[in-house]
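Line order of the protein sequences matches chains P and H.
Per numbering that gives the first Met the number 0, the very first residue in the first sequence carries number 0; after that it's consecutive.
Per numbering that gives the first Met the number 0, the very first residue in the second sequence carries number 0; after that it's consecutive.
These are computed hints drawn from the structure, not numbers from a lab.
Check the hints yourself; a few may be wrong.
As the list claims (entries may be wrong) - Covered by chain P, per the in silico footprint, the following chain H stretches (three or more residues, Cβ under 8 Å): (1) 28-38; (2) 75-83; (3) 117-127; (4) 299-306; (5) 391-399.
To be verified - Below, in silico cross-link-like pairs of lysine-lysine (PhoX-like), each with a Cα-Cα straight-line distance of 25 Å or less: (6) H:K379 - P:K346; (7) P:K321 - H:K314; (8) H:K321 - H:K379.
All residues carry an ideal CB built from backbone N, CA and C; glycine is no exception.
2 protein chains.
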Amino acid sequence: MKAEIIAVGSELLTPFRQDTNSLFLTERLNELGVEVHFKTVVGDSRADLVAVARIAMTRADIVILMGGLGPTEDDLTRECVAEALGIELHRDPEIITELYKRFAERRMKMPENNTRQADVLDGAVLLRNPNGTAPAQWLQTNWEGDRRYLMLLPGPPQELKPLFDSQCLPRLKEVLPPQFISKRVLKVAMGESACDARIAPLYTKVPNVQTTILAHGGEVEIHLQSRADRQEEAERRVEELAGELEEELDDCVISSGGESLEQIVGYYLQMRGATLAVAESCSGGMMAERITSVPGSSRYFLGGAVVYSNELKTKLAGVPAKLIAEHGAVSREVAVALAEGIRERTKATFGVGITGIAGPTGGTPEKPVGLVYIALSDGKDNEVVERRLHGDRERIRLWASFTGLDLIRRKLI
Amino acid sequence: MKAEIIAVGSELLTPFRQDTNSLFLTERLNELGVEVHFKTVVGDSRADLVAVARIAMTRADIVILMGGLGPTEDDLTRECVAEALGIELHRDPEIITELYKRFAERRMKMPENNTRQADVLDGAVLLRNPNGTAPAQWLQTNWEGDRRYLMLLPGPPQELKPLFDSQCLPRLKEVLPPQFISKRVLKVAMGESACDARIAPLYTKVPNVQTTILAHGGEVEIHLQSRADRQEEAERRVEELAGELEEELDDCVISSGGESLEQIVGYYLQMRGATLAVAESCSGGMMAERITSVPGSSRYFLGGAVVYSNELKTKLAGVPAKLIAEHGAVSREVAVALAEGIRERTKATFGVGITGIAGPTGGTPEKPVGLVYIALSDGKDNEVVERRLHGDRERIRLWASFTGLDLIRRKLI
Chain P
0 MKAEIIAVGS ELLTPFRQDT NSLFLTERLN ELGVEVHFKT VVGDSRADLV
50 AVARIAMTRA DIVILMGGLG PTEDDLTREC VAEALGIELH RDPEIITELY
100 KRFAERRMKM PENNTRQADV LDGAVLLRNP NGTAPAQWLQ TNWEGDRRYL
150 MLLPGPPQEL KPLFDSQCLP RLKEVLPPQF ISKRVLKVAM GESACDARIA
200 PLYTKVPNVQ TTILAHGGEV EIHLQSRADR QEEAERRVEE LAGELEEELD
250 DCVISSGGES LEQIVGYYLQ MRGATLAVAE SCSGGMMAER ITSVPGSSRY
300 FLGGAVVYSN ELKTKLAGVP AKLIAEHGAV SREVAVALAE GIRERTKATF
350 GVGITGIAGP TGGTPEKPVG LVYIALSDGK DNEVVERRLH GDRERIRLWA
400 SFTGLDLIRR KLI
Chain H
0 MKAEIIAVGS ELLTPFRQDT NSLFLTERLN ELGVEVHFKT VVGDSRADLV
50 AVARIAMTRA DIVILMGGLG PTEDDLTREC VAEALGIELH RDPEIITELY
100 KRFAERRMKM PENNTRQADV LDGAVLLRNP NGTAPAQWLQ TNWEGDRRYL
150 MLLPGPPQEL KPLFDSQCLP RLKEVLPPQF ISKRVLKVAM GESACDARIA
200 PLYTKVPNVQ TTILAHGGEV EIHLQSRADR QEEAERRVEE LAGELEEELD
250 DCVISSGGES LEQIVGYYLQ MRGATLAVAE SCSGGMMAER ITSVPGSSRY
300 FLGGAVVYSN ELKTKLAGVP AKLIAEHGAV SREVAVALAE GIRERTKATF
350 GVGITGIAGP TGGTPEKPVG LVYIALSDGK DNEVVERRLH GDRERIRLWA
400 SFTGLDLIRR KLI
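Excised from the complex, chain P in its bound form (with noise of 0.2 Å):
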């Protein structure tokens, strides 16, 4: 079965605004056993978007059109396929009653245009959409001999996502035959290349797994998927070769169930009933704004400082001023007496300092832009691992963070 996805709208056609929807339903798509073959994006256009109509009955089975299915003289998807595929639209008096009841509830009178949200494709099934006034359709017809299967979806992603889960993936379920899938996220902590050359000689032990590593926000995610004719048999295959990828990438594997560093690096403190502080220079806060995107993170994060300046390093973070005056800011012994600096005065089980040069300027020839030094203290011991980082700042800064979270990580294992 090879599917379209048809975007409608012009705001899609500008520099500033992008689909996004189709990801959603190409995954969707995906594990019903449907590939997608073609992604359109057509404006506000009658002309242009009948024919794109057309041409997506010729090539595909199950066609998607998204937006276009407002009140407004723009919204012009409904008419266009049904041109397109030579039918006509009735008027549906129950939509009609329901959307004068939706208007009269917010005591608005409603404008005459609102009527042609109830116009339905003949044959067509109205699908309700509890997120907003338009009502989606599905269509199921002959093209040329061929069975086709049409969905007209509202456009913004919030209505569009509940409405296919709730009422096109039941009806496609049961015109497709049954897939059995089994799917599974291993996070990785390090680079993508290096990840891919050690689990590429991997692939071949376990046969009919998909594989897709992708590298975003300093993570590298290597999703697998296995279909095969009983879910037993597709989850053994994934269930596989993760055991053979997390036995090679040992304790680089961050999570297998698709958690984040952070949240892994909360489950772990807070299994052991530790907590945590930071201190943190070149990152300048990013540290603790990750940890805290974790709801339920004030459990085992106390805090920390943000010490740009070398004052408040001696000030907050209790880093002695002659330690800075002799090694330098950006030191290896200045990010060890962050860590213990900021655990000693937050009384945290753990202090993470970080120091470096974020650049783009600040570097010298013994200490370039990139270079960074990232400290764990648990009162005891000491650890504190120095990185050449390449990349903009923002990137420096991305990796400085996901560092001294990746050594709690590892600490804790």
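Position chain H relative to chain P; hints supplied.
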């Protein structure tokens, strides 16, 4: 002139990856007076790609294909476009020599496949790609009597963008009528719909200026663009409408040259020779992180405290424990004490304090999730604002940090 942008690559039809080049290309084409009428994504399938290329030739004057120019079997753009247009490919000996040289310099043997990258459409101009091995192609041709401009570009953005700007843009400018365009971006500190309602009546005051309102990351951007017969005329119109908008929106205007709120706050602080420190609870370091995202922020940002626990509010920011016990950690009084406390401890010119309930749990009927207090202290006066923010944890933290930054901006205007 109508354009179609075609992204080629099966990976762009998965749930994981999305074409982003088309936003860049659309911006450039619009500046040339060309509207994008269609965007298409197609996989590495011969039949699909030939069909898509043929459809594009029938409905667009300018056709840009991206991707599928590499050396592998999956890279089909060259041969599929040749088939769609009914023309031949020839192998360019100069490119082959260059490819061999490139590999030799790296002491690698060139795989035979790589010679496919030297296949050129008959009549096309080869465009050197300084950032990759796959050269691009430019072809002026006719299709059923109409002029067509066809471009084959590499997929990776870091290759496509410089190549388009240096080699396609000048060629397009030669064949298209000259364009006189002026642009301006205003950033505004207010809600999207409130902003729209305030300025909508003004649009008509200056005809022929296109306005787009975009919201992201707590800021609202108003994009103005005008096209005219003369450059001065385009600039005059944009200038005039920008002036009207700035007058109407008054101190809500953050910047009129595209600068971010963080940058503007930095400019103002530096202009005054002033410094800043922050004490954050619910925003968890996000305000510090945003300030320090600006290069050179160490000149005016001393640092701050992330004080999640009540003990740290006292210890790092000097908030009296009694005050917290009396009014609660989330209160007007504690916000002021945080701002004053961090200012005093750091000897900064200004101190900002943020305390609130980011959720999803921790709210009460009196102090619901989203209640945030933000205070600014300069040692003499204190300002404090109360906000009831809506949305999820991330949005509440984002708006809390945004409001903190905006409080300083308004103080320094």
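Regarding the pair K321 of chain P and K314 of chain H, is the alpha-carbon distance no greater than 25 Å? Measuring from Cα to Cα gives roughly 23 Å; hence the hint holds.
With the threshold set at 25 Å, check whether the alpha-carbon distance from K379 of chain H to K346 of chain P stays at or below it. At roughly 33 Å apart (the allowed maximum being 25 Å), K346 of chain P and K379 of chain H break the hint.
Take the segment 299-306 of chain H, compare each residue's beta carbon with every beta carbon of chain P, and decide whether three or more fall closer than 8 Å. holds (count 7)
Three residues or more, CB to CB closer than 8 Å: is that satisfied between the segment 391-399 of chain H and chain P? holds (count 3)
Has the segment 28-38 of chain H got at least three residues whose CB is nearer than 8 Å to a CB belonging to chain P? Per the Cβ count (6), the hint holds.
Given pair status - K379 of chain H, K321 of chain H, alpha carbons within 25 Å: holds (23 Å)
Given coverage of the segment 117-127 of chain H by chain P, checked by CB-CB distance under 8 Å (3 or more): violated (count 0)
Counting residues of the segment 75-83 of chain H with a beta carbon closer than 8 Å to any beta carbon of chain P, are there 3 or more? violated (count 0)
Hint compliance for this structure: hints 2, 3 and 6 are broken, all remaining hints hold.
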